[in-house]
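Chain by chain, the residues:
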Amino acid sequence: MMEELSLNILDIVQNSIEAEGTKIEIGIEEDDAADRMVIRIKDNGRGMSPQLLAQVEDPFVTGRTTRKVGLGISFFKEAAETAGGSFHIGSQLGKGTWVTAEFQKSHIDRQPLGDVAGTLTSLILLNPDIDFFLNYRVNDDTFDFSTEEIREQLGGGIKLSHPDVISFISEYLSEHLRALNGGVGI
Amino acid sequence: MKSLEELAAIRDKMKNNAAVRESDGDEIRIVVGMATCGIAAGARPVLNAIMEELEKRDIKNVTVAQTGCIGMCKLEPIVDVYIPGKEKVSYVLMKPEKVGRIIAEHVVNGRPVLEYTIGAYEK
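Those sequence lines, one after another, are chains A and B. If you use the working numbering, the first sequence corresponds to residues 1 to 186, in order. If you use the working numbering, the second sequence corresponds to residues 1001 to 1123, in order.
I should point out that these hints are in silico values taken from the structure, not numbers from a laboratory. There may be inaccurate statements among the hints.
Claimed, not checked - Partial chain B-side listing against chain A, Cβ under 7 Å, derived: (1) 1002; (2) 1040; (3) 1051; (4) 1055; (5) 1061; (6) 1072; (7) 1075; (8) 1086; (9) 1089; (10) 1090; (11) 1092; (12) 1093.
What the hints assert, rightly or not - Simulated coverage check for chain B against chain A, where a stretch passes if three residues somewhere in it have a Cβ under 8 Å from a Cβ of chain A: (13) 1004–1014; (14) 1042–1048.
Said to hold, decoys possible - Straight-line Cα separation of at most 25 Å, DSS-like style, residue types lysine-lysine; simulated pairs: (15) 1074/B / 159/A; (16) 1056/B / 1098/B; (17) 1015/B / 159/A; (18) 1013/B / 95/A.
All C-beta atoms, glycine included, are put in the ideal place defined by N, C-alpha and C.
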């Protein structure tokens, strides 16, 4: 199991990267009135056949050829289901894959979201050519982030993995996400 | 609060340094295992510590990359350091606290921190 849901996000996005996704969208939604938290991850990678999709929640199935066991999706599914929530994965060959995990926000077994800024910064550092999008909503407040807008501001020829850029992204995300959560990252 | 406009300053600063950066031929590579096992064992804080240390010491000739599971899950987080012309060094059971010494002694000064390596673990 992962200690934080943001680590599940990091892990699930690795599947999108292995599936050669170039555009990866992460959505997080917290709704206190409905006592709900939803995490969505969507990519434009190669997608899965209906046969593989039907088996993919089984930990003994993997798209890898080096090993025959894949635990990432099972971990995320279990994190949702033990927290009064649900899990869904959809995919279409040539189009991409999308994952939705829903949680009862106040459930005692819901893992903390943890360091979302750390997850995103890691992903950008290691995959500077992929386009990442984050939409994070807490009740009526929203924060949107995309590597596209960073690229626009930077102009061509500068890698997003450059230490100065990464350091900026890390601080920028931490500050804005903290503000969105009213100073507490949960 | 930080705003995206600050990126303009970074862009201008880099334009001035572009010539210097491009002449850096010998790239050192630091590779972090980021499969499910690596992430569950704590690869993300290790990666963040590497990033902060490189930034703090203003080290520009290092590329940080990721790899998958190599079958030694119980030794994760694993970090490999590749210095051109030298053998790869694998650090196992990594922690953010170990990063400072590895950057200072190995990446900067070329002396691997033997006690953190897979060789030391196997003894």
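Hints, verified against the model:
Restraint check, residue 1002/B versus chain A: the minimum CB separation of about 4 Å is within 7 Å; hint holds. Checking residue 1040/B against chain A by beta carbon gives a least distance of about 6 Å; that is within 7 Å, so the hint holds. Taking 7 Å as the C-beta contact cut-off toward chain A, the hint placing residue 1051/B at the interface holds, the least distance being around 6 Å. Annotation: interface hint on residue 1055/B holds; nearest CB of chain A at approximately 5 Å, less than 7 Å.
Nearest Cβ of chain A to the Cβ of residue 1061/B: about 11 Å, over the 7 Å cut. The hint is violated. Violation of the interface hint for residue 1072/B is found here, the shortest Cβ-Cβ separation to chain A being roughly 12 Å, above the 7 Å cut-off. Evaluation of the residue 1075/B hint against chain A yields a violated restraint, the C-beta minimum of about 16 Å exceeding 7 Å. At a threshold of 7 Å, the smallest CB-CB gap from residue 1086/B to chain A is about 23 Å, leaving the interface hint violated.
Restraint check, residue 1089/B versus chain A: the minimum CB separation of about 20 Å is more than 7 Å; hint violated. Given the 7 Å rule on beta carbons, the hint for residue 1090/B is violated: about 18 Å separates it from the nearest Cβ of chain A. Here the hint on residue 1092/B is broken, as its CB sits about 19 Å from the closest CB of chain A, past 7 Å. For the restraint placing residue 1093/B at the interface with chain A, the shortest Cβ-Cβ distance is roughly 17 Å, beyond the 7 Å limit, so the hint is violated.
Interface restraint, the region 1004–1014 of chain B with chain A: holds (9 residues with C-beta to C-beta distance below 8 Å; minimum three). Counting residues of the region 1042–1048 of chain B whose CB lies closer than 8 Å to any CB of chain A gives 4, which reaches the minimum of 3, so the coverage claim holds. Restraint check: the Cα-Cα separation between residue 1074/B and residue 159/A comes to about 34 Å, which exceeds 25 Å; the hinted pair is violated. As the CA atoms of residue 1056/B and residue 1098/B are separated by approximately 16 Å, the hinted pair is consistent with the 25 Å bound.
A hinted pair counts as satisfied when its Cα atoms are at most 25 Å apart, and residue 1015/B with residue 159/A qualifies at roughly 12 Å. The straight-line distance between the Cα atoms of residue 1013/B and residue 95/A is roughly 40 Å, outside the 25 Å bound, and the hint therefore fails.
The structure is inconsistent with the numbered hints 5, 6, 7, 8, 9, 10, 11, 12, 15 and 18, although it conforms to all the rest.
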